[in-house]
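Those protein sequences? They're chains A and U, same order as listed. If you want the working numbering, it's the position in the first sequence, counting the first as 1, plus 21. If you want the working numbering, it's the position in the second sequence, counting the first as 1, plus 683.
Source of the hints: derived by calculation from the structure; they are not laboratory data. Everything numeric in this text was worked out from a predicted model, so none of it was measured. Don't take every hint at face value.
Claimed, not checked - If you want the footprint, here are the derived chain A segments under chain U, 3+ residues with CB under 8 angstroms:
1) 198–212
2) 222–230
3) 304–312
C-beta: ideal position from N, C-alpha, C; glycine also.
Below are the chains, spelled out letter by letter.
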Amino acid sequence: MATAVAQRAPSEAYERVKVAAIEVARLLGVLAVLWGLWEAFKWFGEATELKLGSFQVNDRTLPHVHDIISTLFEPSRRNGPLLIDVLFDAALFTAKEAALGFALGATFGFAIAVVLAHSRLLQRGFLPYIVASQTVPILAIAPMVVVWVNPKMPEGLKDWGAVAMIAAYLTFFPVAINTLRGLHSADPRALELMRSYASSTWSILWKLRVPASLPYLFAALKVSATASVVGAIIGELPASVQDGLGGAILNFNQYYASAPTRLWATNLVAAALGIVFFLLVVAAERAVVRRAPEHVA
Amino acid sequence: MSAQTVVSLGGVSKEFGKGGVVALQDVDLEIGPGEFVSLIGPSGCGKSTLLRIVGDLIQPSTGNVVVNGKSAHQARVDRDYGIVFQDAVLFDWRTVARNIGLPLELAGWNREKRRGRVQEMLELVELTGFESHHPWQLSGGMQQRVSIARALSFDPPLLLMDEPFGALDEMTRERLNLELLRIWQASGSTVVFVTHSISEAVFLSTRVVVMSPRPGRITGIVDVDLPQPRSFRTREEPRFAELVRDVRRALRRGGGFEAEEDDHEEERLIVAEEGL
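My request is simple: use the sequences and hints to build the entire structure.
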C-alpha cells in the first residue's frame, strides 16, 4: 500500500503540472487569437479605409495593442508616476468600493431569499418589486443614492460608501433570485427526512436548504462579482469620486483625442479587476461546495 | 390496543383533496414489537401513504393512529422511528459519517458520542473505512446501507422502509435483504416494509399485509412461518413457494393484478399534499 502511494505521488504531481501547463497554454492561445483579430481588423480597416457610419479605423479609434500595453509603462503626466502605478492605485480604490458593495449586496440578497423562501405570501407580494428594482437604469438611481446616502455616512465612508451602495444595488438581485431558487431545490424526500427527525425550521434551513442552494448561490455570486465592479465604476461618476477607475475613465476620456491609449489601458485594468473578482468567487466555490459532480455549475 | 403494540391503526382513511382520490379506506392493523411486516400491493393501493401516516408525515382524513403507545405526532417528535426511502436521500455535501450522524446532531448529541455511535453503525452495515467518502463515490447498494445506518443510528424502536431496494439490481437486492434481516435481528426493532416484490415480502417478513387499490384497503394477511434465521436457502424451500403462492392469490383476490400501473400517481399526491 505504502509503495503504491509512493509510486503514485510523483505521477500525480506530474499530472497536475501537465494540467496547469495546458491551462496556461490555452489562455495564451486565446489571448494570441484576440490580439491577432484586433490587429487584423485594424490592418484591414486601414488598408481599405473602411467606414462604419462615422467610425473610421485609425490609430486614434483603434490603437495598436502593443501601444496600449506600452502606455502602461510610460509616465501618466510629465515627471509623474507610471500610468500603471496610477491605475493600480485607482483599481485598489475601486476594488474597495466593489468589495464592500458585493458583501452588502450578497448578504442582503441572501437574507431576502431566506425570508421569501419561508413565506409564499411574501414571495408573491415582494418578488415583482424586486424584479422591478432592476428595470430602473442604474444611471438614474446612482445620483439619488449619492444625495440620500452621502450626508448620513460617517467620515471614513464619505463618498466611497455611497458608491458601494450603488454596487450593492447591482449585486443583490442575482443573489436573491438564485438563492431563492436554490433554497427551493432541496429534494422533497430530504425534506420529509428532516421532518421525520422533527427538526426545526432553523435546522432544515441550515442543514438542508442552504447547503442545497450553494451551487445556485455561487452561480449568482459569479455574476454579481463582475456586476459589483461595474456598479462601483459607474457609481463613482455621480458621486464625483476621483480616486477610482471611474474617475480615471472620466479623466482620460477628456484627453482621448490626444492620448487614446490611456483610456484603452484603463479599460484593460478595469476588465482585469472584474476577472480578479470573478476568480476569487470561483476559488471560494471550490473550497466550499461539496456536491456530486453533476450538481456543480 | 394492548401495551405490546408498536403500531396500531384503527379505521384509518385518507382522501387526497376534497372529494378526490380515496387513497386508503378503513384500514385496521396492529403490529407488535419485533415484527417484520411488509405492506404489498400494486401502485395506488396506498401502501406508501399508510407508511407516511404511521410516520406522521401525512395526516389521515379519519381514524386512529397510535405509535409506540402515543399519538403519531408525539412519536415523531420523540424520534421513535427511522425512515428509509427508495432513494438513499443522502446529503451530497456531507461525508458518509456525517450523513449517518445527522439525526444524532439534530438530537443534540455531542461530537464525541456521535463519533462512537457512527463507528458502530458503520460496522453494522459493513462500511467501516468509508466514513470520509462522499455519497456520490458509493454504489447504489452502499448508499442504501448508509441510509439504513442513518435510520438506525439513534436506535429507534420502529423502522419504516418505503421500497428501499426498489431501485437496485436483483443481486444487490438479495444480498441487502439478508443484511437487513441480520440488522433487524441484531437491533431488535420493529420494521414496516413497503415493497412491490412478492418474493422479497415473503423472504423478509414475519407477516405480509396484502393491499389492493381504489380505494386502498387491506384485503389479506399472510403469516410467514418460515424459520429464522433465513438464508439464501430459504428461497429454495417448498414452503417459501407455497407462501409466495398464497400472497399472489391474495393479491389476485383484491384485484391487484388488474390494477392499472401508475407508479408515480401516489407519489405526486403525497408531494402535493405536503405542499413541498
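Verify this for me: three or more residues of the segment 222–230 of chain A with a beta carbon less than 8 angstroms from a beta carbon of chain U.
holds (count 3)
Verdict on chain U covering the segment 198–212 of chain A, criterion of 3 CB contacts below 8 angstroms:
Since three or more residues must qualify, the claim that chain U covers the segment 198–212 of chain A holds, with 5 doing so at under 8 angstroms.
| query | Are there at least three residues in the segment 304–312 of chain A whose beta carbon sits under 8 angstroms from a beta carbon of chain U? | reply | holds (count 3)
Of the numbered hints given earlier, the model fails none.
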